[in-house]
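Sequences and hints are given; from them, build the entire structure.
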Amino acid sequence: MKQDLFQAIADPTRRAILTLIAIKALTPNAMAEKFDMTRQAVSKHIKVLYECELIKPEHSGREIYYHFNAKKMQEFDNWLAQFRQSWETQFNQLDKVLSTIKNQTI
Amino acid sequence: MNNDLLFDFTVDKAAQKVFITREFDAGLDLVWDAFTKQEILDQWAAPAPMRSKTKYMNFEVGGRRFYAMISPDGQERWLLQKYTSITPKTNFQLYNSFADKDENPELPGSEWDYNFSEQDGITTVNISIYNESLERMERLTDGFTKGMMLMLKNLDDLFSTLSQKS
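Chains as they are written, first to last, in this note's numbering: chain W, 104 to 209; chain U, 2 to 167.
No lab work stands behind these hints, which were simulated from the structure alone.
Among the clues, some could well be false.
Cross-link-like lysine-lysine pairs, in silico, DSS-like; alpha carbons within 25 Å at most [unchecked claim]: (1) U:Lys90 x W:Lys205; (2) U:Lys54 x W:Lys205; (3) W:Lys199 x U:Lys54.
To be clear about the criterion: a stretch of chain U counts as covered by chain W if any three or more of its residues have a C-beta under 8 Å from a C-beta of chain W, and this derived list gives those stretches [stated by the list, open to error]: (4) 6-15; (5) 30-43; (6) 46-56; (7) 121-134.
Interface residues of chain W toward chain U, partial, derived using beta-carbon atoms under 10 Å [to be verified]: (8) Gln188; (9) Leu197; (10) Val200; (11) Ile204.
On a predicted model such as this, the values are computed, not experimentally measured, just so you know.
Don't be surprised by glycine CBs; every beta carbon is placed ideally from N, CA and C.
Right, here's the structure in full:
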């Protein structure tokens with residue numbers, strides 16, 4: 104099942120992982136060490152983040168480094184800009200409705 | 002239109018919440034009515050070129066508003082809102098979900114919280130929207146985006162017709 108971006112970033116550990124790898128790509132082992140977690144726990148978080156495309160793996164020899172996928176976050180921000188625009192449009196419409204009603208009553 | 006009216010839109014991704022604040026150049030009574038009476042809501046509560054059509058609305062706790070967002074090509078997207086709390090002229094809360102035309106909700110939906118206050122004839126409305134799923138939240142703008150694209154396409158068609166004539 105595809106993971107939901109909101110569910111993925113709602114978890115504080117996953118947010119911390121994202122913050123960290125946004126600065127520098129890390130291997131799962133390095134993440135486990137930094138967060139004092141088992142490899143198994145880290146794998147679960149990686150799976151969620153990977154499935155919603157927030158991180159990208161890159162193989163380097165026998166190691167896998169995970170990078171932050173800024174593009175995915177950008178997609179979300181683009182959608183938000185649209186949502187904001189739809190509210191702005193509605194509120195401008197409401198301004199007109201309010202002024203019409205006010206003028207009728209006066 | 003007064004351009005000094007505040008419009009603020011912020012998102013707390015971690016809390017899965019959107020916060021919207023807007024000031025209106027009108028008294029509290031009128032603004033409250035504009036958000037809680039179907040005949041006024043239908044005049045503004047869908048971003049053009051979409052329009053809103055309320056089938057019925059019972060503004061009381063436990064009451065519901067069943068309405069459609071209609072796109073320029075006549076497609077209807079039905080929504081069901083259930084009022085969960087009402088403090089007259091101060092606050093109301095509702096649970097919003099998409100629905101089919103027979104009023105069957107597509108759960109889960111989102112929680113909306115509206116706050117109203119007036120100062121010096123300017124009414125401030127604060128809205129917070131909590132949504133547990135981003136995907137569902139993204140669908141909130143589907144109709145709007147579709148409507149915009151259709152409108153732009155109509156314009157393109159118009160322009161090409163015009164340029165062919167000249």
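- Query: Broken hints, numbered, in rising order?
  - Reply: Per hint list: zero violations.
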